[in-house]
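Residue numbers (my numbering), protein chains in the order written: chain C, 409 to 806; chain H, 440 to 803.
FYI, nobody ran anything at the bench for these hints, they're computed from the structure.
Even glycine gets a Cβ: it sits at the ideal position worked out from N, Cα and C.
Incorrect hints may have been included.
Listed below are the simulated DMTMM-like cross-link pairs for lysine to aspartate or glutamate, each with C-alpha atoms no more than 25 Å apart in a straight line [stated by the list, open to error]:
| hint | chain 1 | residue 1 | chain 2 | residue 2 |
| --- | --- | --- | --- | --- |
| 1 | C | Lys470 | H | Asp771 |
| 2 | H | Lys581 | H | Asp739 |
| 3 | C | Lys633 | H | Asp476 |
| 4 | C | Lys759 | H | Asp732 |
| 5 | C | Lys522 | H | Glu637 |
| 6 | C | Lys522 | H | Asp739 |
| 7 | C | Lys556 | H | Asp655 |
| 8 | C | Lys470 | H | Glu637 |
| 9 | H | Lys581 | C | Asp608 |
| 10 | C | Lys633 | H | Glu802 |
| 11 | C | Lys522 | H | Asp771 |
| 12 | C | Lys633 | H | Glu463 |
| 13 | H | Lys593 | H | Asp558 |
| 14 | C | Lys682 | H | Asp473 |
| 15 | C | Lys612 | H | Asp476 |
| 16 | C | Lys440 | H | Glu802 |
| 17 | C | Lys470 | H | Asp784 |
| 18 | C | Lys522 | H | Asp732 |
| 19 | C | Lys556 | C | Asp520 |
Stretch by stretch, here's where chain H covers chain C in the computed footprint (C-beta under 8 Å, at least three residues) [as the list claims (entries may be wrong)]:
| hint | stretch |
| --- | --- |
| 20 | 430-437 |
| 21 | 478-488 |
| 22 | 630-636 |
| 23 | 671-685 |
| 24 | 778-790 |
If the Cβ cut is set under 7 Å, some of the chain C residues that face chain H in the computed set are [claimed, not checked]:
| hint | residue |
| --- | --- |
| 25 | Asp418 |
| 26 | Ala444 |
| 27 | Ser527 |
| 28 | Glu529 |
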Amino acid sequence: MTAVLSECPDVRPDPDDPTAHLTTEDIENIGKELDALREEVIASRGERDAAYIRRVIDVQRKLELGSRGVLLFSLFPPAWVLGTAGLSVAKILENMEIGHNVMHGQWDWMRDPKIHSTSWEWDNVSPSDQWKRAHNEMHHNYTNVIGKDGDLGYGLMRVSPDQPWSPFFLGQPLWNFINACFFEFGIAAYDLELRDSLTDGRYKTPEFRERANRVLRKIRRQATKDYVVHPLLSGPSALQTLSANFVANLVRNLWTHSVIMCGHFPYGVDTFEKSSIEGETRGQWYLRQMLGSANISGSPLMHLMTGNLSHQIEHHLFPDLPSNRYAEIAPRVRDLFERYQLNYVTGPLPKQVASAWRKIVLLSLPNDAAERVDRALTLFQRGPSQWVARLAGRIRTA
Amino acid sequence: MAVVATPWRGAFASLRARAARIAEFVTTPVLPSDYLDMISPLRASADLRGRIEEVHPETRDAVTLVIQPGGGWRGHVPGQYVRIGVDVDGVRQWRAYSLTSRADRADGRISITVKAMPDGVVSNYLVRRVRPGTLIQLDQAKGDFTLPAPRPAKALFVTAGSGITPVMGMLRNAVSELDDVVVVHSAPQPRDVIFADELRRLAEQGQIRLVERHTDVEGMLNLAALDGIVADWAERETWACGPTGLLDAAEKQWSDAGVPDRLHIERFRPTVVVTGEGGDVTFSNTGTTVAADGATPLLDTGERAGVLMPSGCRMGICFGCVAPLRTGAVRDLRNGQITTAEPGDDVRIQTCVSAAAGTCDIEL
Chain C
409 MTAVLSECPD VRPDPDDPTA HLTTEDIENI GKELDALREE VIASRGERDA
459 AYIRRVIDVQ RKLELGSRGV LLFSLFPPAW VLGTAGLSVA KILENMEIGH
509 NVMHGQWDWM RDPKIHSTSW EWDNVSPSDQ WKRAHNEMHH NYTNVIGKDG
559 DLGYGLMRVS PDQPWSPFFL GQPLWNFINA CFFEFGIAAY DLELRDSLTD
609 GRYKTPEFRE RANRVLRKIR RQATKDYVVH PLLSGPSALQ TLSANFVANL
659 VRNLWTHSVI MCGHFPYGVD TFEKSSIEGE TRGQWYLRQM LGSANISGSP
709 LMHLMTGNLS HQIEHHLFPD LPSNRYAEIA PRVRDLFERY QLNYVTGPLP
759 KQVASAWRKI VLLSLPNDAA ERVDRALTLF QRGPSQWVAR LAGRIRTA
Chain H
440 MAVVATPWRG AFASLRARAA RIAEFVTTPV LPSDYLDMIS PLRASADLRG
490 RIEEVHPETR DAVTLVIQPG GGWRGHVPGQ YVRIGVDVDG VRQWRAYSLT
540 SRADRADGRI SITVKAMPDG VVSNYLVRRV RPGTLIQLDQ AKGDFTLPAP
590 RPAKALFVTA GSGITPVMGM LRNAVSELDD VVVVHSAPQP RDVIFADELR
640 RLAEQGQIRL VERHTDVEGM LNLAALDGIV ADWAERETWA CGPTGLLDAA
690 EKQWSDAGVP DRLHIERFRP TVVVTGEGGD VTFSNTGTTV AADGATPLLD
740 TGERAGVLMP SGCRMGICFG CVAPLRTGAV RDLRNGQITT AEPGDDVRIQ
790 TCVSAAAGTC DIEL
């Protein structure tokens, strides 16, 4: 990452190589400290945590049931508004704090077959096993490694100046917006490796067909529920219920897309070359997760609604620890960052979303053009006073 | 009557099945039962559960739990046991306990009696911490440690400690159907005798002959001396329940006397999981058994043996390799933590970070 593209206060002694100041021993010590922190949390996992996830599931189901109940009368605008808001929140909770985290195996230790990574199916068009493979195995393992971690722009976008530019990327602000609106379909296509399979001919294999059929079946089930069964149950409110369900899915898509963009795209987050992870030690793996993730600051409600992906750094260090524990260990993780002079990238949601969008817009251009636009934007942001000063300087030199 | 009723019942069942399928379209991806569980966890169609209604202390380290089983409970034969799944410190643990209640209680409730074992995770929880109102998982009653029909003319029960529990289940239900009963029961001290009052009352009423042995004072029961306690023991249909040492000795004694068929035993811990470094690993669905050391991940062991192992990141992150551990013990290579399982415990492990810590059976 070039210095020009960074807008975060930088504590790194050498921004061009953020780990240059760390010795091999430092990196292994970071690994040991994090391993110890992990063991501490595992040793104290218990009744309180189990009660937490059961309560979230209980609240989510009641909220979904209640909202769908209200939507039976969505012919009346207040019922539409209330039901749509409730259903949107319920769908977000289901995908983020519950589905994502259960499928990570964060709650497997409870040995409850109903809240288990091997049995959970989520309210999303991507079947859980395909999502688990793409997300848990590829993204979490190869976090931010260019060419390995498909989450880096989902193969649609350029999110690091180290990725080569092509004219296709000129459209990436648009691709990103469309992807945000239909994010669950984007995820399903991505988990299916649709684009690669179409280009390399894998789409002809029976294995791909089988997986594609399962995605189609899941899409059909999901669509039947939201756009046929529930509208029909609403009788005279059928159209309103249909629109409410569409809006709830849209809201959930936009929200999850924004949260996930904040996890790895904002300024200050590093990307890695394929060669850099060869023979990676435990400490180096941890370090890559630290440098490749960004948090969102906010209230406990905010953390809940992001599925605690607002603690993306902690989540990437310990993907299988219960999500309710990330907030507890965050201060100690941050302290570790500071002691080793590493950037703990965090900020409020609007700032992080803006930062990620800015990157996506700028990197749609080749690097030199991006830098020029970036300089102009930065100048513009600093306000009119600097414009005047700069103008005055120009006049004087003239 | 039955001829007329069957088509109706069939039509009703198919209607129900169709309604259930439609309901699944309403609730997908979760099931209608997931919602119904929130309201009515004990209904007949739910996974079998129970609610602990009462907790009665029996001795200083034993309690009787009265449980309202769910509608799917199919009843029990006295002497049988039930497996229960309880969440201790957030982790579901399954254990088997003998049923001690009458099989025909009007309120349909059942009871089990639990003695706290030293270091017993579940027994200590049930004896000291569990509160009425707690939901537990249940399995149907099982076991053939039961009285035959017709009842034997002469019966002998040899028990020690909590081994009295299945016998109490039989006595409460059937003592009036037995003409000649001897109970030889061992416990450390008089106050440690579970069901002491009830047993002594049965003895006073002449329904049983009770021989209490207090091992802290009198020492362990030596079965060789049984002749002096129950002269006709070899003629009696005998049920024995207690520690492994007692049961092993009984098996030998009855066998030596040429009457092994008269002895029925119940072992509370059928498999003692021995943990160590490495062990024989069986992949039961594939039918492969291989020796594994204590440092090799089970994932590698299985792959080398040609088992179709699910796998992912191979570093404990992605949970793509999770497989059921049917029996045995494994060690987490990251922190040395031991996980053990017995059939039905529903334990799943990450094979990429687990090594054999004894004989184990993986369902792959």
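Here is what the structure says about each hint:
1. C:Lys470 with H:Asp771: 38 Å, violated
2. H:Lys581 with H:Asp739: Violated. H:Lys581 to H:Asp739 sits at ~37 Å, over the 25 Å cutoff.
3. C:Lys633 with H:Asp476: Given that 25 Å is the threshold and the Cα spacing comes to 21 Å, the pair holds.
4. C:Lys759 with H:Asp732: Since the Cα atoms of C:Lys759 and H:Asp732 sit roughly 52 Å apart, the hinted pair is violated (cutoff 25 Å).
5. C:Lys522 with H:Glu637: 42 Å, violated
6. C:Lys522 with H:Asp739: The hint is violated at about 29 Å.
7. C:Lys556 with H:Asp655: 68 Å, violated
8. C:Lys470 with H:Glu637: 48 Å, violated
9. H:Lys581 with C:Asp608: 56 Å, violated
10. C:Lys633 with H:Glu802: Given that 25 Å is the threshold and the Cα spacing comes to 35 Å, the pair is violated.
11. C:Lys522 with H:Asp771: 23 Å, holds
12. C:Lys633 with H:Glu463: Judged against 25 Å, a Cα distance of about 9 Å means the pair holds.
13. H:Lys593 with H:Asp558: Since the Cα atoms of H:Lys593 and H:Asp558 sit roughly 38 Å apart, the hinted pair is violated (cutoff 25 Å).
14. C:Lys682 with H:Asp473: 44 Å, violated
15. C:Lys612 with H:Asp476: 43 Å, violated
16. C:Lys440 with H:Glu802: At roughly 34 Å apart (the allowed maximum being 25 Å), H:Glu802 and C:Lys440 break the hint.
17. C:Lys470 with H:Asp784: Answer violated: C:Lys470 to H:Asp784 is near 30 Å, above 25 Å.
18. C:Lys522 with H:Asp732: This hinted pair is violated, its Cα atoms lying about 33 Å apart.
19. C:Lys556 with C:Asp520: 34 Å, violated
20. 430-437: Result for this restraint: violated, n = 0.
21. 478-488: This one is violated; 0 residues, fewer than the three required, reach chain H with a Cβ under 8 Å.
22. 630-636: holds (count 3)
23. 671-685: violated (count 0)
24. 778-790: Violated: only 0 residues of the stretch 778-790 of chain C have a Cβ under 8 Å from chain H.
25. Asp418: This hint is violated: C:Asp418 lies away from chain H, its Cβ roughly 29 Å from the closest one there, beyond 7 Å.
26. Ala444: Violated, because the Cβ-Cβ distance from C:Ala444 to chain H comes to roughly 10 Å (cut-off 7 Å).
27. Ser527: 10 Å, violated
28. Glu529: 4 Å, holds
Hint compliance for this structure: hints 1, 2, 4, 5, 6, 7, 8, 9, 10, 13, 14, 15, 16, 17, 18, 19, 20, 21, 23, 24, 25, 26, 27 are broken, all remaining hints hold.
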